[in-house]
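In the order they appear, the protein sequences are chains A and B.
Position 233 (the first sequence) corresponds to 233 in the UniProt record's numbering; numbering is contiguous.
Position 152 (the second sequence) corresponds to 152 in the UniProt record's numbering; numbering is contiguous.
No lab work stands behind these hints, which were simulated from the structure alone.
A hint or two may mislead.
[Unchecked claim] Listed below are the simulated DSS-like cross-link pairs for lysine-lysine, each with C-alpha atoms no more than 27 angstroms apart in a straight line:
| id | chain 1 | residue 1 | chain 2 | residue 2 |
| --- | --- | --- | --- | --- |
| 1 | B | Lys-278 | A | Lys-102 |
| 2 | A | Lys-275 | B | Lys-278 |
| 3 | B | Lys-278 | A | Lys-99 |
| 4 | B | Lys-161 | A | Lys-261 |
| 5 | A | Lys-99 | A | Lys-183 |
| 6 | A | Lys-183 | A | Lys-30 |
| 7 | B | Lys-79 | B | Lys-161 |
Since this is a predicted model, take the numbers as computed values, not measurements.
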Amino acid sequence: MTSPILPISKATRNQSSWQFLMSELKPRGKWLTPFNLISIPIILAGVVLIIIRFTQGLESVSNVNQEIPWGLWKGFNVVTGVAFAGGAYVLTFIVYILKVDKFHSIVRVTVLNGFLAYLFYAGALVLDLGKPWNIFNPIIGNSFGASSVLFLVAWHFLLYIVAQLIEFSPAIAEWLGSRRAHKLLSGLTLGAVIFGITLSTLHQSGLGALFLMASQKIHPLWSNEFIPILFLVSSVFAGLSMVIFEGSISQRVFFQKISPKNHEARNNLVQSLSKICAFSMFAYLAMQFLVFIHGQHWNLLNTPMGYWFLLEMLGFVLLPMALFFYASRTSNILLSRIAAIITILGIILNRLNVSIIAFRWDAATHYIPSWMEVVVSVSIILIQIWIFRWVISRMPVLSESPRWAQHTKP
Amino acid sequence: MTIDRRKFFKSIAITSMSIIGVRASGAPKAETDEHDSEFYGILYDSSICIGCQACEKACAKAHGLPEPTDKPEKGILRKTSENQRCVINSYETSQGEVYVRNQCMHCDEPACAAACLTQAMYKTKEGPVIWRENKCMGCRYCMISCPFDVPKFEYGSTNPKIQKCDMCYDRIIEGKKPVCVETCGDALFFGTRQELLTEARRRITEIPELYLDSIYGKEVAGGTGYLYLAPVTPDELGFDKRIQDSSYPALTKSFLYSVPSVFILVPTLLLGIHEATKSKKTKDENYD
Numbered sequence: 001m002t003s004p005i006l007p008i009s010k011a012t013r014n015q016s017s018w019q020f021l022m023s024e025l026k027p028r029g030k031w032l033t034p035f036n037l038i039s040i041p042i043i044l045a046g047v048v049l050i051i052i053r054f055t056q057g058l059e060s061v062s063n064v065n066q067e068i069p070w071g072l073w074k075g076f077n078v079v080t081g082v083a084f085a086g087g088a089y090v091l092t093f094i095v096y097i098l099k100v101d102k103f104h105s106i107v108r109v110t111v112l113n114g115f116l117a118y119l120f121y122a123g124a125l126v127l128d129l130g131k132p133w134n135i136f137n138p139i140i141g142n143s144f145g146a147s148s149v150l151f152l153v154a155w156h157f158l159l160y161i162v163a164q165l166i167e168f169s170p171a172i173a174e175w176l177g178s179r180r181a182h183k184l185l186s187g188l189t190l191g192a193v194i195f196g197i198t199l200s201t202l203h204q205s206g207l208g209a210l211f212l213m214a215s216q217k218i219h220p221l222w223s224n225e226f227i228p229i230l231f232l233v234s235s236v237f238a239g240l241s242m243v244i245f246e247g248s249i250s251q252r253v254f255f256q257k258i259s260p261k262n263h264e265a266r267n268n269l270v271q272s273l274s275k276i277c278a279f280s281m282f283a284y285l286a287m288q289f290l291v292f293i294h295g296q297h298w299n300l301l302n303t304p305m306g307y308w309f310l311l312e313m314l315g316f317v318l319l320p321m322a323l324f325f326y327a328s329r330t331s332n333i334l335l336s337r338i339a340a341i342i343t344i345l346g347i348i349l350n351r352l353n354v355s356i357i358a359f360r361w362d363a364a365t366h367y368i369p370s371w372m373e374v375v376v377s378v379s380i381i382l383i384q385i386w387i388f389r390w391v392i393s394r395m396p397v398l399s400e401s402p403r404w405a406q407h408t409k410p
Numbered sequence: 001m002t003i004d005r006r007k008f009f010k011s012i013a014i015t016s017m018s019i020i021g022v023r024a025s026g027a028p029k030a031e032t033d034e035h036d037s038e039f040y041g042i043l044y045d046s047s048i049c050i051g052c053q054a055c056e057k058a059c060a061k062a063h064g065l066p067e068p069t070d071k072p073e074k075g076i077l078r079k080t081s082e083n084q085r086c087v088i089n090s091y092e093t094s095q096g097e098v099y100v101r102n103q104c105m106h107c108d109e110p111a112c113a114a115a116c117l118t119q120a121m122y123k124t125k126e127g128p129v130i131w132r133e134n135k136c137m138g139c140r141y142c143m144i145s146c147p148f149d150v151p152k153f154e155y156g157s158t159n160p161k162i163q164k165c166d167m168c169y170d171r172i173i174e175g176k177k178p179v180c181v182e183t184c185g186d187a188l189f190f191g192t193r194q195e196l197l198t199e200a201r202r203r204i205t206e207i208p209e210l211y212l213d214s215i216y217g218k219e220v221a222g223g224t225g226y227l228y229l230a231p232v233t234p235d236e237l238g239f240d241k242r243i244q245d246s247s248y249p250a251l252t253k254s255f256l257y258s259v260p261s262v263f264i265l266v267p268t269l270l271l272g273i274h275e276a277t278k279s280k281k282t283k284d285e286n287y288d
């Protein structure tokens, strides 16, 4: 218990902390993998486009216009991405509040995913802002637009990033081999979890509430006063589907990192997650149905937008819900993964519908993202995956914590 | 009613700020100083307007924007843009050709100002809704929220502005009339909202054959600073029928109301569940 806060672990006792950091920054293993070969050019192109965007204005890269001012970077990277990051608050609730221990092995990776997602969505937001140098105005100074839903969402974003960093910080302390920091930070976890779940319920629904004032601009099948609740409920299965999907990839890519015991347990976890997804999707579908009945929009179903709505509801909610039910009953892992992918596509569809496709559906000029916007959006995700991979291969996220950390009491 | 809303927002701000841990004095100030009936506004009389575009040109000159080159033409919809704060459009109606001016409506309860997270969009106590460059982040949420699609963004600029009519706020505080009103003969009339309503009713009563007996802007979007007199219904003049008569910021009221209670109830509930499910065994558990 005499170890300092700063890193000195058994492996690095002879090095300075600077040398330790430099050695950790170097890539590990071969780097000419197919993923790198594809992602590096895209990221480079994305960086060039970002430079163009800041030197020549939004117009040079993006197709957003006066009637549809929010495009792919907000509709996809921010509004959709946040829904996928919902897994973190659901899992921390299950593990730390309900204390269902079997999910413990995947909670760290999910929190890491959520943390990086928020960090990068905030990044996407900066690209989209006309005057990003004023981004601190709602945080400091006397410019509090406290009557704004966006003000609320911005604050909650910021606070939730901090809460997630605290939730994840014991892993960083283990990586640095700092026992005292680990003890201190582990003690903060429960508080961060409770605060984080509260923030999540508010900003997941807040993202929906952003569109309340624009309700007449969104096609009636997607706009209603219940958007906040629908966004919140759908973030549960959006986040968990992402956990299943990400898990199926991590399990292959980081095979060695996961202990044999956890490999076996993972199949059981997928089954349980499928069950939660299925039930929350049932609740979501029931709400959508009530909202639809309440809105009396039967006549709108037999229109092109109506078919689009039915496709979203039946093909991308009802179908994966049924698949999740069936998969969890028959413990069919492959089917769960397929259902998770369909659900993910369905969430993308839903969020884009509300924020872009059904937004000003009757406008003369429609918004179609430019290839440059798509490249930047994809680059952001790829950079996020790079950092995710860097963290996974260095910190005890998927792998077991070092022995000394396992016995630390909260 | 408006004052109630402001008080409410203020109390919300103070409550949530103190929960977040920020000094409550950071809550919006200015808003309780004056009451709404003294808001200045402009009455536009489309029965008199001849579509001469003198106001458009004066506006462009006063705000350093390029002079408009196109003319109002039936069947062609001209729109305000980042280069043009007001436009005159021509409509073929049941009463023949009618001109309509479009610009910021200067709502009594503006959606854009409620949407703005930095108070860059701001309802001044004099009445004009103005945009303040040093506060704006360029998020364009005001454009999403405005039911009239008024704020326009300079997408081509690296330091973009929001362009919209500000009712020549700098002139109003000097005691002068907006340039458009000064340029125009009788079609634009400047005054407090009460004066505008009185003037509008006087015109309707004196020459009933010229006007429909209604004032557009009296109720729409919770009341606007710009009021319209016309010989035909607003639908015939290109106004969106879907724009509601009640206030737009009120649509987010129940959501914002729920925030302080969520902040108290959810953590309590979570802590309760945590304590209730605690067993002796979990004492040895590792929180990481």
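Given the hinted pair Lys-161 of chain B and Lys-261 of chain A, is their Cα-Cα distance within 27 angstroms? 58 angstroms, violated
Has the given pair, Lys-99 of chain A with Lys-183 of chain A, been kept, meaning a C-alpha gap of at most 27 angstroms? Holds: Lys-99 of chain A and Lys-183 of chain A sit about 20 angstroms apart, inside 27 angstroms.
Hint check: Lys-183 of chain A vs Lys-30 of chain A, CA-CA at most 27 angstroms. Holds or violated? 35 angstroms, violated
For the pair supplied as a hint, Lys-79 of chain B and Lys-161 of chain B, confirm whether the alpha-carbon distance does not exceed 27 angstroms. 18 angstroms, holds
For the pair supplied as a hint, Lys-275 of chain A and Lys-278 of chain B, is the alpha-carbon distance within the 27 angstroms limit? 25 angstroms, holds
Agreement of Lys-278 of chain B and Lys-99 of chain A with the hint, judged by alpha carbon distance not exceeding 27 angstroms: Judged against 27 angstroms, a Cα distance of about 8 angstroms means the pair holds.
Quick one, are Lys-278 of chain B and Lys-102 of chain A close enough, alpha carbons at most 27 angstroms? 16 angstroms, holds
In summary, the structure is inconsistent with hints 4 and 6 from the numbered list given earlier, while agreeing with the others.
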